[in-house]
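> Here is how the chains run, residue by residue.
Protein chains: 2
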Amino acid sequence: MATKIGFIGLGTMGRPMALNALRAGYAVRVYNRTESKMEALMAAGAEGASSYKDAAVGAGMIITMLSDSPDVREVILGPNGALSGCAQGSVIVDMSTISPSVAVEIAETCRGRGVEFLDAPVTGGESGAIGGTLSILVGGTPETLDAARDVLGAMGSKITYMGPSGSGQSAKLCNQVICVLNILAVCEGLALAQSAGIDGETLLEAVDGGAAGSWMLNNLAPKMLAEDWAPGFRIVLQQKDLRLALEFAAQRRLPLFGAGLAQQLFRAAEASGWGDEGTQALIKTVRKTE
Amino acid sequence: MATKIGFIGLGTMGRPMALNALRAGYAVRVYNRTESKMEALMAAGAEGASSYKDAAVGAGMIITMLSDSPDVREVILGPNGALSGCAQGSVIVDMSTISPSVAVEIAETCRGRGVEFLDAPVTGGESGAIGGTLSILVGGTPETLDAARDVLGAMGSKITYMGPSGSGQSAKLCNQVICVLNILAVCEGLALAQSAGIDGETLLEAVDGGAAGSWMLNNLAPKMLAEDWAPGFRIVLQQKDLRLALEFAAQRRLPLFGAGLAQQLFRAAEASGWGDEGTQALIKTVRKTE
Chain A
1 MATKIGFIGL
11 GTMGRPMALN
21 ALRAGYAVRV
31 YNRTESKMEA
41 LMAAGAEGAS
51 SYKDAAVGAG
61 MIITMLSDSP
71 DVREVILGPN
81 GALSGCAQGS
91 VIVDMSTISP
101 SVAVEIAETC
111 RGRGVEFLDA
121 PVTGGESGAI
131 GGTLSILVGG
141 TPETLDAARD
151 VLGAMGSKIT
161 YMGPSGSGQS
171 AKLCNQVICV
181 LNILAVCEGL
191 ALAQSAGIDG
201 ETLLEAVDGG
211 AAGSWMLNNL
221 APKMLAEDWA
231 PGFRIVLQQK
241 DLRLALEFAA
251 QRRLPLFGAG
261 LAQQLFRAAE
271 ASGWGDEGTQ
281 ALIKTVRKTE
Chain B
1 MATKIGFIGL
11 GTMGRPMALN
21 ALRAGYAVRV
31 YNRTESKMEA
41 LMAAGAEGAS
51 SYKDAAVGAG
61 MIITMLSDSP
71 DVREVILGPN
81 GALSGCAQGS
91 VIVDMSTISP
101 SVAVEIAETC
111 RGRGVEFLDA
121 PVTGGESGAI
131 GGTLSILVGG
141 TPETLDAARD
151 VLGAMGSKIT
161 YMGPSGSGQS
171 AKLCNQVICV
181 LNILAVCEGL
191 ALAQSAGIDG
201 ETLLEAVDGG
211 AAGSWMLNNL
221 APKMLAEDWA
231 PGFRIVLQQK
241 DLRLALEFAA
251 QRRLPLFGAG
261 LAQQLFRAAE
271 ASGWGDEGTQ
281 ALIKTVRKTE
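Same order as they appear, the protein sequences are chains A and B.
Under our numbering, think of the first position of the first sequence as 1, with each following residue one higher.
Under our numbering, think of the first position of the second sequence as 1, with each following residue one higher.
In short, the hints are calculated from the structure, not lab data.
The structure presented is a predicted model; accordingly, all values stated were derived computationally and were not measured.
Built from N, CA and C at the ideal position, the CB exists for glycine as well.
Treat each hint with caution, since some may be false.
Claimed, not checked - On the chain B side, residues computed to face chain A include the following (Cβ under 7 Å):
#	residue
1	T123
2	C179
3	G210
4	A249
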């Protein structure tokens, strides 16, 4: 018998992820605070739940896909939270990007109630969520991951065990630190080219196969050149991840010079009113022109 | 009849480049200030010249591969410089990475003497120079590039016309700005992983195909994890390119926040005695440990 899944959080990422679980044949019971977002999933065959707790009732696995640490803490541990509806031996998998220490705290509370917990944040963005090709970074026990692997495989094509609880989140924050500096690299390189009258397309063609090459160069530079600021990943969400990364580094007394600078530059972009644009809009802050 | 080439500057890059020209069937006449470095080329069939000027005598094309703007200015324009030995209609190709404005100045002086000039800096490093797979970024007139294309093809596999004189150098500096921030990205991401007890190899495997992916992640991160500081590209040379990029940006009143920060961090690495190590040694500055 396939695991029954409770799925909480049907935003840009959660909606297609829940849909993929459904398509893979799992019975899915969904809940979202804005209940209208449940309709598309219910039309596709999901059951609708009436609360966080209700989404967990009768489910062998509960997945949460939310915005930030306080949301996840409230949805899982809060009064009428998912944990209060969980059966002993069930598994909660939080796929949001949150603080590693909050992930550890939730894992310990769950364990105290006989419920397993995985932190399993993802990379790959909306397109990865839709295509089921997310990379999933998992923290928890290997045994719990083994139990969850088939369900995760419906949403992602690469599942990596990173270590004990919190390690999935830690790895995700490392990923984000690399990403933001790769974005800044593209912004500064292209801004310099534009200021020098160098054709951006020609520059990209000349350098993208070499030492300057990156996913961000391939994917964001063309958007910057086209002045296309539509969000793949919004600046405000990038800021949230940077805040988590810098707090996490601060706990370790590790200076992150570049990530700290990137945070301030993204803040300048937000201050200019571009917080809901894609991260590629950072180039407008670098070159001081719209 | 194949063009006769005068080749000045037989360092880490120049030596294999001259050798590739020789192997492609060109007659090559070499000169290097430290004359002992000419021996290997002469053993392979090159003629030896006795001065910068002498290297240019009888050559249809003169190639320079040197360290910095003052060297190139002196070698080409100085008393007894290459230009003084050039025939009318010959072409000087400077493949060093220097200031775009110095490239423009040299091009104008050459043109005044009836000699064409290309700025044609390269990316691809020592391995690209040895393999003849450099990417060559060319500034000058398209006609001059057409005349030089076959010779350049002996040294590089990708030749891109960037625009008028100086444009090759401008494009190279854009490339370098992207590179240094991609390096910093890897340093900070891995330093955070190490401080959190995340296994570096596992992290690389999990993230390298995604949005954090870059040439630097593929090529420098494994060296950082192996604590291998042997230079692919030395920190002192990276600093030279950063100085050129920041001067160039300053002329355009363009702030390069990240590149400026990277310059200071590389300076800290130099101050720690790591200037002759590879750029991957920057991670030691980020994590404050050897």
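> Work down the list of hints and note, for each, if the structure agrees.
Results for each hint:
For T123 of chain B, the shortest C-beta to C-beta distance to chain A is roughly 5 Å, which falls under 7 Å, so the interface hint holds. With its C-beta approaching chain A no nearer than about 5 Å, C179 of chain B sits inside the 7 Å limit, and its interface hint holds. Satisfaction of the interface hint for G210 of chain B is found here, the shortest Cβ-Cβ separation to chain A being roughly 5 Å, below the 7 Å cut-off. Of the supplied interface hints, the one on A249 of chain B holds, with its beta-carbon coming within about 6 Å of a beta-carbon of chain A, less than 7 Å.
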